[in-house]
Structure formats: structure tokens, C-alpha cells
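First to last, the protein sequences are chains A and B.
Each residue of the first sequence is one higher than the last, beginning at 1 in the UniProt record's numbering.
Each residue of the second sequence is one higher than the last, beginning at 1 in the UniProt record's numbering.
Hints are supplied without guarantee of correctness; some may be wrong.
In the BS3-like style, the derived pairs of lysine-lysine whose C-alpha atoms are separated by at most 27 Å in a straight line are [what the hints assert, rightly or not]:
| hint | chain 1 | residue 1 | chain 2 | residue 2 |
| --- | --- | --- | --- | --- |
| 1 | B | K123 | B | K36 |
| 2 | B | K73 | B | K10 |
| 3 | A | K3 | A | K130 |
| 4 | B | K143 | B | K129 |
| 5 | A | K3 | A | K87 |
| 6 | B | K196 | A | K334 |
| 7 | A | K199 | B | K268 |
| 8 | B | K36 | A | K334 |
| 9 | B | K10 | B | K305 |
| 10 | A | K204 | A | K52 |
| 11 | A | K11 | A | K52 |
| 12 | B | K268 | A | K204 |
Hints in this document: simulated from the structure, not taken from any laboratory.
The residues making up each chain are set out below.
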Amino acid sequence: MNKILEVKDLKVNFETYGGSVQAVRGISFDLHKGETLAIVGESGSGKSVTTKALMGLIPTPPGKITSGEILFNGKDLTKLKEKELEKIRGRDISMIFQDPMTSLNPTMKIGNQIMEGLIKHQNMDKGKAKRRVIELLELVGIPNPSARVNQYPHQFSGGMRQRVVIAVALACNPKILLADEPTTALDVTIQAQILELMKDIQQKTEAAIVFITHDLGVVANVADRVAVMYAGKIIEIGTVDDIFYNPKHPYTWGLLGSMPTVDSTEDELVAIPGTPPDLIHPPKGDAFAPRNPYAMKIDTEMEPPLFKVSDTHYAATWLLHENAPKVEPPLAVKRRMEGMASGLNNGNSGGDFS
Amino acid sequence: MTEEKLLEVKNLKQHFKTGRRQVVKAVDGISFDIYKGETFGLVGESGCGKSTTGRTIIRLYDATDGQVIFNGKDVHGKKSRGQLKEFNQKMQMIFQDPYASLNPRMTVMDIIAEGLDVHGLTKTPQERKARVEELLERVGLNKEHANRYPHEFSGGQRQRIGIARALAVNPEFIIADEPISALDVSIQAQVVNLLKDLQKEHGLTYLFIAHDLSMVKYISDRIGVMYFGKMVELADSEELYKNPIHPYTKSLLSAIPLPDPDYERNRKRIVYDPSQHDISEAPEFREVRPNHWVLCTTKEFETYKTEFQNK
Numbered sequence: 001m002n003k004i005l006e007v008k009d010l011k012v013n014f015e016t017y018g019g020s021v022q023a024v025r026g027i028s029f030d031l032h033k034g035e036t037l038a039i040v041g042e043s044g045s046g047k048s049v050t051t052k053a054l055m056g057l058i059p060t061p062p063g064k065i066t067s068g069e070i071l072f073n074g075k076d077l078t079k080l081k082e083k084e085l086e087k088i089r090g091r092d093i094s095m096i097f098q099d100p101m102t103s104l105n106p107t108m109k110i111g112n113q114i115m116e117g118l119i120k121h122q123n124m125d126k127g128k129a130k131r132r133v134i135e136l137l138e139l140v141g142i143p144n145p146s147a148r149v150n151q152y153p154h155q156f157s158g159g160m161r162q163r164v165v166i167a168v169a170l171a172c173n174p175k176i177l178l179a180d181e182p183t184t185a186l187d188v189t190i191q192a193q194i195l196e197l198m199k200d201i202q203q204k205t206e207a208a209i210v211f212i213t214h215d216l217g218v219v220a221n222v223a224d225r226v227a228v229m230y231a232g233k234i235i236e237i238g239t240v241d242d243i244f245y246n247p248k249h250p251y252t253w254g255l256l257g258s259m260p261t262v263d264s265t266e267d268e269l270v271a272i273p274g275t276p277p278d279l280i281h282p283p284k285g286d287a288f289a290p291r292n293p294y295a296m297k298i299d300t301e302m303e304p305p306l307f308k309v310s311d312t313h314y315a316a317t318w319l320l321h322e323n324a325p326k327v328e329p330p331l332a333v334k335r336r337m338e339g340m341a342s343g344l345n346n347g348n349s350g351g352d353f354s
Numbered sequence: 001m002t003e004e005k006l007l008e009v010k011n012l013k014q015h016f017k018t019g020r021r022q023v024v025k026a027v028d029g030i031s032f033d034i035y036k037g038e039t040f041g042l043v044g045e046s047g048c049g050k051s052t053t054g055r056t057i058i059r060l061y062d063a064t065d066g067q068v069i070f071n072g073k074d075v076h077g078k079k080s081r082g083q084l085k086e087f088n089q090k091m092q093m094i095f096q097d098p099y100a101s102l103n104p105r106m107t108v109m110d111i112i113a114e115g116l117d118v119h120g121l122t123k124t125p126q127e128r129k130a131r132v133e134e135l136l137e138r139v140g141l142n143k144e145h146a147n148r149y150p151h152e153f154s155g156g157q158r159q160r161i162g163i164a165r166a167l168a169v170n171p172e173f174i175i176a177d178e179p180i181s182a183l184d185v186s187i188q189a190q191v192v193n194l195l196k197d198l199q200k201e202h203g204l205t206y207l208f209i210a211h212d213l214s215m216v217k218y219i220s221d222r223i224g225v226m227y228f229g230k231m232v233e234l235a236d237s238e239e240l241y242k243n244p245i246h247p248y249t250k251s252l253l254s255a256i257p258l259p260d261p262d263y264e265r266n267r268k269r270i271v272y273d274p275s276q277h278d279i280s281e282a283p284e285f286r287e288v289r290p291n292h293w294v295l296c297t298t299k300e301f302e303t304y305k306t307e308f309q310n311k
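Pulled out of the complex, with its shape left as it was, chain A reads as follows (with noise of 0.2 Å):
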């Protein structure tokens, strides 16, 4: 597989008056060309802060990246000036934003918006950027694209504004995609039509998306791979398959526990107790150990590394150790893992009657 991103053991602080707050601490991990990368983590996990870091958005200050590198077509990112990084911004990596109501400049029309990179990135002049617009209006599939060029963000509903907001970032054709969020403040039927559009456009372009959520629904749609963040650290990273349904760190258990599946039919769900860490003072040890009743005394002493399970599969809990004790999933989260496929089908059979 083609390597096109390398992230080496990043760190992010933000300095605030109350200490200075860990949002990032050492996560690495590889993009693929043509990949789906998804990172699930609740908020405050530091997901978000990671992708802003691949694009050069951390403000600073109070930000800043204490260590590590982001390896992209042999740059260092994080060593680049503003005017590199600007060259790199939108044509090379792109992002998708979570909120489709803030991130369109609502005084200029659409038409303009998605035409800017355009012309800074590929000196196109007006004309011909005007027929790419249209040419990218009708790939995110918005109707009558020659006429809506000339409208303003506040004429289109949150779905439509959501394309618009696809297709700026796809004017250049981005060899990464970050998406932040981009269908969480959408209804379930505008989400389906986004992540169809999003999937059917990485194969057409083989760009690699990042995909930032906290619904693990839509982490099944999309994603080839999974990290999950928890405190700032990848705690276990994966393909799709082995997340699912060979999951080893007890936080991710617990994710999946508090999902309740459509023909669930227990009586409680798996809640994870506590709260997340505070950053400032982060703990020793491994941070989810308060919260995982499966935590061991070295989990309070001494940080996991992350273990191999597979080629593909690595986490990091002192569980895979090989003198832990053998300790199994809860058996709701087993129940998910074994029988949630065949149990599911008979759940949607109602779906397919018509």
C-alpha cells in the first residue's frame, strides 16, 4: 500500500491560565492512498486537535506542537512556514467542516467560494473556473448548478450547504480529505446521502479521507481503518473488522456497550462510568484506568504500550499483556461482536417489504 501521510508520535499543548492543557500526547499513525481512516473518541479526546494539526490550524498561541512530525510527500509539516503551508492548504489536504451553517462566508455567493482555490492554486482564470464550479455543483449533486452558483449560503438547507462545502474541498482535487465531523449536525437521511456522495467521490478521485465522529453507526459506513482516541492517545487502532468485532481495549468495549443496537433487547445499557481525564494533569498511568473496571494496579503505575494483535491490529491495555489475566468483554459487548450481523438483518427485514 502507498504511504501518503506519516504521523510520528505528535504532541499538541494548549497554554491557559489554569496549566497548560495535553489535548494531543504522541499519537502515530499512516494514511493510505485511497483509504478511509476513521478516529472515534468522545469530545476532548483530542481528535479534532489532530486533524487541525495535519492542516497547520492550531492557533498559536495558545497552541502549539511540542513534538513530533507529520510526514507528507517527504515534508515535515509542522517545520513549514505559513506561505508553504499555504500552498499545501486546500490543494494537497483539504477539510470538510463540521458545521455547514458557520463555515460558508455567508456574504459571498457560493459560486465565489468554491472558485477561490481555483484561481490561488491553479491560476485558472475567472471563466474557466466558473465551468469547474459547475462541473463540481453537479458532482456533489445539487441541481441546477448554473443557477445556483450565484446564490448566497443562506438560500440552501444544511444538507445542500453541506455539498457546498464538499465541493470547495474537492475544487483542487486534494490528494487527503479531513473531515471533521461532517455529518453530525445533519437528519439520518441527509447523513446517508452525504456518506454515500463522500464514498462515491473517493473512488473517483482515490483520496484518502481522514473521517472524524463520535457515532460509531457511521464509522461502520465509511471506514476502512479505526483509531480510537481516548485522553489524547490512540488507544487502539485497526481495521473496521477488527474494531468491531475483535475489539481488546475495555474503552472501546464500552463504546460499543453504550450503543444500543435496534433489536437490542437488554435491559440496561453498558454505560462507561466517570467522567474523561482533566488534560491539565493528566494521570499516571493509563488515563482510562478510573474509569475501567478492568484496570489492574500496574494501570495506575505505568503507561501500556500498544500491544500487536494482528498485522493490522494494535491496543494499548496492559489486558494483552502476557501476564494479565485472561479477561473476557462484557457479555453485551460479546453478544454485539458474535451475533449483531445475523440479529441485525432480521431487525431491518421489515425494510426490505414493500
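We have chain A; now place chain B onto it with these hints.
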């Protein structure tokens, strides 16, 4: 479950004027009953009128038309202070946004005790304090939290405060308007489990409004699906998920992504096309199967029925 009606909504309408001649029909003639001790889920996309329905039921809006009957008495219409108070005590609401629904300048103690004060439920300050502390512990917070302000809490904790406030006056019926959609996944499960436990303990009845269909299915006994101000389908939650009838419900169900990669690879989405409906007459709410109601015309009603017989 006792089949006693706690709340009856009859042909409820809520129209908002948005201009001199424009009217938004946010809720346009919906009827349903909620039985004692059950959880009734209300789902639909944003803008379909589900929150407006909840807010109109609890009289935050004055209904344009129709009736809401709670315990045999009409909620709307002219009322004396005493009658209003009695009603307000029995029906409470939990709001969507735990950041906006707590007064930032009041301590948690005063927020929770406000209802106690209004209804004169506690006689002495000690009793008041004891009741608040009891409520805090019940929803999983510490009694030391009583003297703090809302900004000192996380989203999940704030939502617990909102729940404690609703519980303070011993209500019978709680309207929960998207109580978990602003919370993280791991915290959502905590709050849902809490709501379920409280229901068992106090015999509460819930109207649970949400757009997260899997959560609604999990918590509700019966579910109503709304589309553009109308109720299009109403059935037991199990039945609704197994045998959805209205094309809109089908499309909604087929659009939910589930945390299962194998299932997702094979998922077929059904697209709802409003023009597929028979328009020879105005659709009515009819019972296609026992306790399974669908908004349809006579012709559609017949097709739906035969479809089920052939199945």
C-alpha cells in the same frame, strides 16, 4: 402496563405566523394517547414538529387548535392559578441543551429547589436541603455539589441536574426533549439508564423526543413518527422496527447507520418520495394492524392490508 390513559392529544395544531400572510404549520392536527407508566417516543427529522408538540403539550405554547387532556382535564384554556399550579406539578420537562437550560446565576440547590418553593412542598430550610441532597444523590451527584454553580459541571452532570429539578416536585409525567443528543456516547448510556431506573422507581410516564432512532427504540414502548407536522405512523416500538409500513418510516429506518461493518456493507437505503402517495383524497390515520396506525388514503389502506396478508 395498565391501559389507563394519562394523556390524550386530540387533533392538536400549532401554527406560527412568520409574516403577514405566511403561516408555518409546525404541528398540523395530530392525535395520540399516552398510557400510564409507558414511554412514548416521538421521532422525526429536524423541523418536523416533534419539539413543538412537546412544548405545546406542557403549555409553553398556546395551541392553535385541538385538545390536550391530562388525567381527564384539559390542559389548555383559561385556568386559575391554583389549577395551573396543580398541573405544573404533575407535568415536568427535561430540556435538550444542558448548557442553556440552567440559570448560570443560581446555585444547584436553588435550581432544584425552585419547584419545591413554588409549590410549598417543604416546610423548613432543613427539609428543603435534605430533599435537594436526596435528589442529587439519586441522580448520581454528590450532596456537596449543591452549593456550586452550573458552569462547574460537565454536560452529563448538568443533564443530571436538569433531571433532579424535574423530579423535585414528584411529577407523574415527564417530557424529555432530546435529553441526550448534546451528550457524548459514553455519557448518553449513563443518562438513559438513569431515566429507566427512575421510571421503575416512581412509576413515571415519559414522552421521549429524539432523532436518534436506535436510542428511541431502546427506551420506548410505543413510537410515533412525525413528518412535516403530521403523525405518519404509530406502533409498538418492536412492531414499528420489524414491520414499518409508511414509506417515510421505511426510509428513515433504512438511513440509520448501525455499528456493524458487515451490515453496513450490504445496507440498501430506501429513498422516500412524497409524490408516490395516492392523492385522490386526504389521508387519514387508520389502523392497519392491531395497534399499528398509519396515515393513508382508503386505497393505500387496502394495499397495506393485503401486503400484510400475503406476507
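We went through each hint and held it up to the structure:
no. : hint               : in the structure
1   : B/K123 with B/K36  : violated (30 Å)
2   : B/K73 with B/K10   : holds (13 Å)
3   : A/K3 with A/K130   : violated (34 Å)
4   : B/K143 with B/K129 : holds (9 Å)
5   : A/K3 with A/K87    : holds (21 Å)
6   : B/K196 with A/K334 : holds (23 Å)
7   : A/K199 with B/K268 : holds (15 Å)
8   : B/K36 with A/K334  : violated (35 Å)
9   : B/K10 with B/K305  : holds (26 Å)
10  : A/K204 with A/K52  : holds (26 Å)
11  : A/K11 with A/K52   : holds (12 Å)
12  : B/K268 with A/K204 : holds (21 Å)
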